[in-house]
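Knowing the structure of chain A, use the given hints to seat chains B, C and D on it.
Protein chains: 4
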Amino acid sequence: MTSIPLDTLNKTSTADFVAALGDIFEHSPWVAEAAAAKRPFASLASLHEAMRAAVLSAAPDQQAALIKAHPDLAGKAARSGTLTADSTAEQASVGLDRLSDEEYAAFHQRNDAYKAKFGIPFIVCVRRHTKGSILREFERRLGHDAAAERATALDEIFRIAALRLDQRVETAERLKLDGRLSTHVLDTRAGRPAPGVTVELWELDSGGHGRLLVKTVTNKDGRTDQALIGGRPVPIGVYELRFFIGDYFRAQGAGRGAELADPPFLDVVPLRFSVAEAEGHYHVPLVCSPWGYSTYRGS
Amino acid sequence: MTSIPLDTLNKTSTADFVAALGDIFEHSPWVAEAAAAKRPFASLASLHEAMRAAVLSAAPDQQAALIKAHPDLAGKAARSGTLTADSTAEQASVGLDRLSDEEYAAFHQRNDAYKAKFGIPFIVCVRRHTKGSILREFERRLGHDAAAERATALDEIFRIAALRLDQRVETAERLKLDGRLSTHVLDTRAGRPAPGVTVELWELDSGGHGRLLVKTVTNKDGRTDQALIGGRPVPIGVYELRFFIGDYFRAQGAGRGAELADPPFLDVVPLRFSVAEAEGHYHVPLVCSPWGYSTYRGS
Amino acid sequence: MTSIPLDTLNKTSTADFVAALGDIFEHSPWVAEAAAAKRPFASLASLHEAMRAAVLSAAPDQQAALIKAHPDLAGKAARSGTLTADSTAEQASVGLDRLSDEEYAAFHQRNDAYKAKFGIPFIVCVRRHTKGSILREFERRLGHDAAAERATALDEIFRIAALRLDQRVETAERLKLDGRLSTHVLDTRAGRPAPGVTVELWELDSGGHGRLLVKTVTNKDGRTDQALIGGRPVPIGVYELRFFIGDYFRAQGAGRGAELADPPFLDVVPLRFSVAEAEGHYHVPLVCSPWGYSTYRGS
Amino acid sequence: MTSIPLDTLNKTSTADFVAALGDIFEHSPWVAEAAAAKRPFASLASLHEAMRAAVLSAAPDQQAALIKAHPDLAGKAARSGTLTADSTAEQASVGLDRLSDEEYAAFHQRNDAYKAKFGIPFIVCVRRHTKGSILREFERRLGHDAAAERATALDEIFRIAALRLDQRVETAERLKLDGRLSTHVLDTRAGRPAPGVTVELWELDSGGHGRLLVKTVTNKDGRTDQALIGGRPVPIGVYELRFFIGDYFRAQGAGRGAELADPPFLDVVPLRFSVAEAEGHYHVPLVCSPWGYSTYRGS
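Residue numbers (numbering that gives the first Met the number 0), protein chains in the order written: chain A, 0 to 298; chain B, 0 to 298; chain C, 0 to 298; chain D, 0 to 298.
None of these hints come from the bench; they were simulated from the model. All C-beta atoms, glycine included, are put in the ideal place defined by N, C-alpha and C. Possibly wrong hints are sitting among the right ones.
Selected chain A positions facing chain D (in silico; Cβ < 7 angstroms) [as the list claims (entries may be wrong)]:
#, residue
1, L185
2, T187
3, G190
4, P194
5, V286
6, R296
7, G297
Bound conformation, chain A alone (with noise of 0.2 angstroms):
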């Protein structure tokens, strides 16, 4: 889909608006053609803001209605791809289109549960998710009550609206909708950054089981020439950084004082943690000798 300027959008007519916006709330164009009449937006954090006030001043029942047009999570839509391309899009990022039977029904129990619970179907912004961190959203908000689960799914629409506008329009600030994950590798034997070293990047289920995100190399500042995720939200999880510090000490060679255990003492090291906020920061360096290491939450 192509992008906008939003300045285009502010001079366009009506139709034109909704037309390019229309999608933004699911199957709801008419919280485009709100926003339409409180233009010219200086900025695309006052649109969003148009939208969001359009739907939180409309009537219960057409809040219902919009929060009822959104699919189900891991549905029977997605398999039969009947969803719109921004939910295809948005339910394919977090793996929900290749879940595994047993996960797929997983999904499908709460699913059930919660519907049974609350009549509406489970709404959560899956790109600041894992499906680990979907999971616990389902036992966490299963212990709400209607009216609190009401303003969350609504507030999980706005989120979800931002990341779909923040991508359609094109706009000098964004929306600060991204987190960032780095790393740095520290040489404390020789004092400097580590160049070199291959790190990856794994994100881990509830079962222990791995998949591999990012594998790179770091520069000559010991740094990743990218961030490790960036400019959108880090998915809510848990993830392992590994770092072949092994092969990269092995390769500056040693000397008196400074020889290597075979095998090497410290070969792959891993650095496991948590993100539990999706627009954070998280910066992990790896501080490291052969023979020990240290690590926290950097900025």
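Only chains B, C and D this time, still in chain A's reference frame:
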């Protein structure tokens, strides 16, 4: 097998001495017989040294016969149950009695390559090893020439004999064959040892799959009541300690300036390291707060 | 003063008992006399408890007399040499016998303020303190009301008595009055304890000036042969450990990937920390490479 | 002295060029004159290189005259105020204009020993040094032979000239003469940068006495708004950073599992390190909880 006091061995008949220790060297009671003539022994170390001297001063043919008296590792004899009692227990200790077909094939192929090159069975003191480190030994030793490899085979035989003697003979001072693997958890948020932390010790194979060796909980000193591995060599290999510190910090509660994230940034902390010296002391502490940690080879 | 077995004290005459222990409580042999009637004592702890009970059950006037029998800290009596032998040694232990004029004035002023408010001398168990922590105690306790402060004064008298008893009486199990300050140097470039490292322990005053307490060298385990402070309370105060690790790493030599800078990045590493519990165990390790280090309160 | 654009220097008359840059090399306008003939210069680096080439291709007598045109360090000329403006500022930058009598004697003695051996004044680029490192340089260079030392003297003159040019000439790309000393405080109790921490930077002399260079407070990123030293070489020497983290943690408050001791275990944390490369980047972070910390040479 019962343990016999060194004093008793010093005083008994040659026949009884050989009956007691004839199988210290595989199918080679002549070694015990030669040592019997050197009695009395002030220590187990002197006994071992006398047996070693008997082998080293034997004729080359007799040495070769000793070497060839050893079974293949993970070989047909192991599968058919015709090993000596000691060899059976030793091969079982490292899991050579329960190899997958694939692993069996890997051993089989290397046994064949080794025999083709050197004309003798591959001998290694398996109590000092894991499956992975044995396969690495094959590779390393296939690079030897015949003389070096014969010397290496004898050295491994002396190591096997030492461990057998250490188990068989009662004595004040044991041979120094023990390594040690231990840990310690320090809580730098509270400035004290961390009690009640669940700790697991896993052995990892080359494919990264693990075998749980120990599961325990730290005591009030932040240590484990017993060494994770002690009183025997620490098998050369790759290990991972896993500390359930998310549970620990959650149980401690949190207050101003010390909140945990949800999920906590650190939940299960893995420390992965290799043991290269089976007789070494490996103290691998975890010094941690909810947001960072360090480790090192301690003492 | 010679040490007397508890057994002897249990069997001797009341007169001899009082002769031996009459000065455990300053100028107040009636405490020993009361305790004598409770013999025999199974342990030093029971003896101390009996003396404490005698004081606590004494008439208010008698308690007040006991309190007032104590000399001023760093007062005229100290300067004129008319203290009891115990008080002289105790005040000397913390340097109250060699104050600068400025320090003397600081103590004098606080003594006066304290007496003006409470009508009793300021009593503190000086063996648990440094000059700086005593001055802090003045400030803290001047905020008390009279009843709280009288209780505090008695508690300090019981602490003084315990330390005096512990030195005076021979017994299997001593009172638990000892703290401990120790260190350990780990070399993470070489993966082993660092032997031969010069270590200094300094006590710092509030102006940051130091007094060298201990100068020693690490042994092959990277530890000091004796605790830096042990067998007695660790005086509450501020300390600095200084590790001459530049010399250590220079002596180890360096090789590829492990060069030292000139001058070395780390030469003398100071670790500055406070002791708040005189009976605590303070293990303050240095885990270091030539280019970085960590420390923490260990155990 | 005002700064002149490189473009202007490229176009002006030879006389004006020499007027502007004649004192870049001490009392030796002939260097600027020779360089004037090579104009235009595309960069400051080319201009510096042309001046350097002019010196290196000059007759030995002329080189010797250039060397001898330099004043003694901390010499009589400095005391009597007859140095060039540049030399006055340079010697003041490192405190050579305010030596104690003892220091003055130390410099005097080394100047004499140096002149007696080499017949030339001791020349060093003082902006890259502290008093202590200059005294060390004397020792090191007194070990040279005459030829090596003459080459060293010229190299120092080129360094002095480079720094003078960098200040005198306006240009897009400056010469790369700047080092950098920076810090960063991470709070591993809370998992975030530590704002509001008072940080002091001290320069230490060989007797351990300090001179406060910078006192500042960390910003919301746990960094200082400006590098502690930047935009110029970091003088070779010994430094101590002092972090007032006791105040910081006290201000954060404490809760269950996160109490501070009284006094706090860590109050003022000193990090002592040496700078060996004046043009290096020294990032010296403090990663700390109330009960432990680590540091390392970062980047």
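Status of the hints after comparison with the structure:
no.: 1; hint: L185; verdict: 6 angstroms, holds
no.: 2; hint: T187; verdict: 5 angstroms, holds
no.: 3; hint: G190; verdict: 5 angstroms, holds
no.: 4; hint: P194; verdict: 11 angstroms, violated
no.: 5; hint: V286; verdict: 5 angstroms, holds
no.: 6; hint: R296; verdict: 5 angstroms, holds
no.: 7; hint: G297; verdict: 6 angstroms, holds
Of the hints listed earlier, the one the structure fails to meet is number 4.
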